[in-house]
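Colleague: Below are the chains, spelled out letter by letter.
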Amino acid sequence: MLWYKAWLETRSRFLTCLVTLTIFSSVFVHHALHISCLNTLPCSEKISSKFTPEFHRLLFINQQYVVIIWILAVVLLGMGGIVCEKALGTSSLTLALPISRARLMRVRVATGVFQAIALGVVPWVTVFVISSRAGMPISITQVASYVLLLIGGGLVYFAMAILISSLVSGEYTAPALAFGVVLLAAMLFDNWLRRFNVWRLVTGDLSIDRSTFLLSKHLPWLGILASLFFAVLMVLASIRAIQRREF
Amino acid sequence: MSLFSKLAPTTGQPLYLQLMQQIRHAAETGALRDGDQLPSIRTLAEELVVSPNTIAKAYSELEHEGRLELRQGSGAFICVKRRTRSLADQVQASRRRLRELIEQLREDGLLDEEIRRAFEAELVYPGEMVRKR
Amino acid sequence: MTNEVVILTHALSKSYGRGEAVRGLNLSVGRNCITAFLGRNGAGKSTTIKMLLGMIRPTAGSGTVLGKRITDAEANRQMRQRVAYVAEDKPLYGYMTVEQTINFARSFYSDWRIDIEKKLLLDFELPANRKVKSLSKGMRTKLALLLAFARHPELLILDEPSEGLDPVGIEYLLRTLVSCSAEGVSVFFSSHQIAEVERVADHICILEKGCLLMDASVDQVRQSYRRIDMVFPAPPPEHEFRILGVETIKTAGRQMSIFASRNAEAVVERAQDLSAVSVEVAPVSLRDVFLETVREN
Chain P
1 MLWYKAWLET RSRFLTCLVT LTIFSSVFVH HALHISCLNT LPCSEKISSK
51 FTPEFHRLLF INQQYVVIIW ILAVVLLGMG GIVCEKALGT SSLTLALPIS
101 RARLMRVRVA TGVFQAIALG VVPWVTVFVI SSRAGMPISI TQVASYVLLL
151 IGGGLVYFAM AILISSLVSG EYTAPALAFG VVLLAAMLFD NWLRRFNVWR
201 LVTGDLSIDR STFLLSKHLP WLGILASLFF AVLMVLASIR AIQRREF
Chain D
1 MSLFSKLAPT TGQPLYLQLM QQIRHAAETG ALRDGDQLPS IRTLAEELVV
51 SPNTIAKAYS ELEHEGRLEL RQGSGAFICV KRRTRSLADQ VQASRRRLRE
101 LIEQLREDGL LDEEIRRAFE AELVYPGEMV RKR
Chain R
1 MTNEVVILTH ALSKSYGRGE AVRGLNLSVG RNCITAFLGR NGAGKSTTIK
51 MLLGMIRPTA GSGTVLGKRI TDAEANRQMR QRVAYVAEDK PLYGYMTVEQ
101 TINFARSFYS DWRIDIEKKL LLDFELPANR KVKSLSKGMR TKLALLLAFA
151 RHPELLILDE PSEGLDPVGI EYLLRTLVSC SAEGVSVFFS SHQIAEVERV
201 ADHICILEKG CLLMDASVDQ VRQSYRRIDM VFPAPPPEHE FRILGVETIK
251 TAGRQMSIFA SRNAEAVVER AQDLSAVSVE VAPVSLRDVF LETVREN
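Quick note, the sequences are listed as chains P, D and R, same order.
The opening residue of the first sequence carries number 1 in the working numbering; numbering runs sequentially from there.
The opening residue of the second sequence carries number 1 in the working numbering; numbering runs sequentially from there.
The opening residue of the third sequence carries number 1 in the working numbering; numbering runs sequentially from there.
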């Protein structure tokens with residue numbers, strides 16, 4: 001029942017973020033539709049075809065906001081774990097279970113990954129449904145691409161949060177540090193590591209066609225794989241850190 | 001079944017010896033008769049709140065003395081030898097003598113606590129208590 | 001009672017920076033016994049237990065529990081399948097209800113006893129749907145103990161189990177411990193409540209400043225430890241009484257009080273040889289044995 005425990009521990013964080021993201025996306029796309037369809041919904045065929053690029057530009061902007069909220073959400077979801085339990089006083093119970101520390105970590109990470117995927121998929125599916133019903137259909141490939149970029153490129157932030165929560169004890173120190181790293185990373189990537197800017201990867205900036213505002217069919221697979229690779233490395237490092245730690 | 005009173009952990013005597021005395025006493029006074037079954041180790045341990053090993057040791061020692069019979073699967077049963085039946089009368093008589101002695105010691109000015117300690121010391125270390133006036 | 005040993009350590013040590021929490025511990029806990037681990041606060045009892053369960057790594061030495069090496073993570077994990085442990089702070093997940101907590105614990109162990117779980121739930125009067133964080137301290141203690149008692153492990157390790165319990169609860173706890181022992185569970189519990197230890201323990205180990213000062217059967221301690229109070233016609237020479245078994249000698253004028261771990265008869269003989277006016281031999285309670293042993297050290 002480790003999954004159940006992981007769910008109970010992250011449930012409120014997850015649901016709050018899910019609702020926030022979904023509402024945000026719904027409101028945003030609704031607003032975008034109003035702008036694109038000149039305030040008459042559902043869009044007529046004539047208007048929708050004329051203003052499609054404008055709508056797609058707004059979707060591109062939506063992704064940027066979604067990325068910010070999503071990253072903050074997954075960093076929040078990455079908090080907790082056995083080191084946090086030590087601060088709360090329950091680590092003696094969890095560690096006495098006939099479960100290896102690696103398994104504890106794997107369940108926590110897997111739960112977080114599933115939640116991160118849900119947090120990426122649900123808002124975009126909402127956008128898809130709302131815009132389709134409003135007469136401004138968007139291609140499912142576009143939606144899938146945005147989701148893939150978000151999750152494939154962004155899980156590295158989740159992994160970073162996992163690593164920090166495995167090294168730093170303290171209920172509030174760990175999240176403060178994690179958010180600090182997000183900020184620091186943003187500045188670093190912007191100023192010195194422009195080539196490896198994961199932010200531009202995740203928001204679709206690297207694959208967007210500036211005339212149609214459609215994501216190109218050729219996604220930056222190398223970037224996504226590299227990002228996932230670092231994510232896996234950080235998770236492995238977290239497992240190692242937990243195995244070596246004393247409680 | 002409260003045939004047995006709580007064992008006293010602070011008297012310097014191992015608990016299993018105290019229990020053995022209680023069982024012997026019960027057999028001698030006739031409270032337990034030949035063939036009566038004693039409680040299981042677990043039941044008695046829970047009742048007296050002592051380790052089951054204490055009960056097991058007491059039963060085992062009494063079996064060595066021939067006062068108990070441990071039957072595999074059934075439990076512990078009292079064996080009262082013929083000669084010990086007459087002991088019941090002796091025990092009654094000795095109680096009377098003890099009563100008289102205690103009254104006498106009280107008259108001599110000893111407090112009950114002092115009398116008890118003197119008894120315990122004699123029982124545990126016979127002959128070691130020396131009082132020279 | 002077999003001669004098997006459930007916990008065995010060899011020179012187990014743990015140091016933190018400047019201090020040593022546990023020093024060269026050679027612990028041997030027998031199967032089918034109730035063994036009490038006595039010691040003051042900070043003596044190293046909890047540290048030792050945590051080392052046995054793989055939560056802390058020893059600095060030196062080794063140990064096995066149920067035959068499995070404590071420093072081997074996988075062996076330790078397998079051993080934990082057969083060991084029930086309740087930590088000193090009775091940890092529970094505040095966000096789970098009583099029922100969720102029990103379901104959670106039950107899912108990990110094949111030795112779970114549903115009948116005992118139901119009985120304890122009733123006896124402890126625990127509300128199934130209340131969240132743990134809104135339970136009183138006493139109820140939390142009882143729930144934490146339930147998670148261990150509703151199983152049939154080979155070894156039960158309890159760290160200060162009676163803390164947080166009222167006298168009725170303590171009586172129930174001792175009765176349950178005894179009941180477990182009768183079913184073949186080896187019990188190892190740490191405590192500084194001497195009264196409860198005295199009643200149920202077969203064996204005691206006294207830990208002080210990380211060192212094992214005593215490892216003896218309670219019966220043996222009861223039979224051997226004596227306090228001998230003597231009065232002499234003139235102030236007696238202490239050196240005459242430094243014989244085997246004498247632990248402490250206190251002299252005040254013509255009175256002498258000796259605390260002996262064994263060989264009390266020899267002390268009495270020596271006293272008589274020196275023309276003692278009065279010699280009184282009295283048994284020593286476990287509390288006094290503990291206090292003297294620790295003080296001496």
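The set of hints was computed from the structure by calculation and includes no laboratory data.
Check the hints yourself; a few may be wrong.
No farther apart than 20 Å at their CA atoms in a straight line, the calculated lysine to any residue pairs in the SDA-like style are these [stated by the list, open to error]: (1) P:Lys86 to P:Tyr65; (2) P:Lys86 to R:Tyr93; (3) R:Lys133 to P:Gly89; (4) P:Lys86 to R:Gly94; (5) R:Lys137 to P:Thr173; (6) R:Lys133 to P:Thr173; (7) D:Lys6 to R:Lys131; (8) R:Lys131 to P:Val107; (9) P:Lys86 to R:Met96; (10) R:Lys133 to P:Val107; (11) P:Lys86 to R:Lys133; (12) R:Lys133 to P:Trp7; (13) R:Lys137 to P:Ser12; (14) R:Lys131 to P:Leu88; (15) R:Lys133 to P:Leu88; (16) D:Lys6 to R:Ser179; (17) R:Lys133 to P:Ala87; (18) R:Lys131 to P:Thr173; (19) R:Lys131 to P:Arg13; (20) P:Lys86 to P:Thr173; (21) R:Lys131 to P:Trp7; (22) R:Lys119 to D:Lys6; (23) R:Lys131 to P:Ser12; (24) R:Lys133 to P:Glu171; (25) R:Lys250 to P:Leu88; (26) R:Lys131 to P:Tyr4; (27) R:Lys137 to P:Phe189; (28) P:Lys86 to R:Val132; (29) R:Lys133 to P:Ser12; (30) R:Lys68 to P:Arg13; (31) D:Lys6 to R:Gln223; (32) R:Lys68 to P:Leu97; (33) D:Lys6 to R:Arg175; (34) R:Lys119 to D:Glu47; (35) P:Lys86 to R:Glu171; (36) P:Lys86 to R:Arg57.
Colleague: The structure should be examined with respect to each hint, and the outcome stated for every one.
Modeller: Cross-check of the supplied hints:
1. P:Lys86 to P:Tyr65: Distance ~35 Å between Lys86 (chain P) and Tyr65 (chain P) Cα, so the pair is violated.
2. P:Lys86 to R:Tyr93: Given that 20 Å is the threshold and the Cα spacing comes to 12 Å, the pair holds.
3. R:Lys133 to P:Gly89: With a Cα-Cα distance of about 13 Å, the restraint between Lys133 (chain R) and Gly89 (chain P) holds, given a limit of 20 Å.
4. P:Lys86 to R:Gly94: holds, 14 Å
5. R:Lys137 to P:Thr173: This hinted pair is violated, its Cα atoms lying about 28 Å apart.
6. R:Lys133 to P:Thr173: violated, 23 Å
7. D:Lys6 to R:Lys131: Given that 20 Å is the threshold and the Cα spacing comes to 39 Å, the pair is violated.
8. R:Lys131 to P:Val107: Given pair Lys131 (chain R), Val107 (chain P) is violated - Cα atoms ~24 Å apart, limit 20 Å.
9. P:Lys86 to R:Met96: OK: Lys86 (chain P) and Met96 (chain R) at ~17 Å, within 20 Å.
10. R:Lys133 to P:Val107: violated, 24 Å
11. P:Lys86 to R:Lys133: Status holds; Cα separation ~17 Å.
12. R:Lys133 to P:Trp7: holds, 18 Å
13. R:Lys137 to P:Ser12: violated, 26 Å
14. R:Lys131 to P:Leu88: holds, 16 Å
15. R:Lys133 to P:Leu88: holds, 12 Å
16. D:Lys6 to R:Ser179: The hint holds at about 17 Å.
17. R:Lys133 to P:Ala87: holds, 16 Å
18. R:Lys131 to P:Thr173: violated, 27 Å
19. R:Lys131 to P:Arg13: holds, 19 Å
20. P:Lys86 to P:Thr173: Status holds; Cα separation ~14 Å.
21. R:Lys131 to P:Trp7: Holds, at roughly 16 Å.
22. R:Lys119 to D:Lys6: Outside the cut-off at roughly 25 Å; violated.
23. R:Lys131 to P:Ser12: holds, 16 Å
24. R:Lys133 to P:Glu171: holds, 17 Å
25. R:Lys250 to P:Leu88: violated, 49 Å
26. R:Lys131 to P:Tyr4: holds, 16 Å
27. R:Lys137 to P:Phe189: violated, 51 Å
28. P:Lys86 to R:Val132: Roughly 18 Å separates the two Cα atoms, so the pair holds.
29. R:Lys133 to P:Ser12: Since the Cα atoms of Lys133 (chain R) and Ser12 (chain P) sit roughly 17 Å apart, the hinted pair holds (cutoff 20 Å).
30. R:Lys68 to P:Arg13: violated, 40 Å
31. D:Lys6 to R:Gln223: With a Cα-Cα distance of about 19 Å, the restraint between Lys6 (chain D) and Gln223 (chain R) holds, given a limit of 20 Å.
32. R:Lys68 to P:Leu97: Roughly 16 Å separates the two Cα atoms, so the pair holds.
33. D:Lys6 to R:Arg175: holds, 13 Å
34. R:Lys119 to D:Glu47: holds, 18 Å
35. P:Lys86 to R:Glu171: violated, 31 Å
36. P:Lys86 to R:Arg57: Between Lys86 (chain P) and Arg57 (chain R) the Cα gap is close to 16 Å, so the pair holds against 20 Å.
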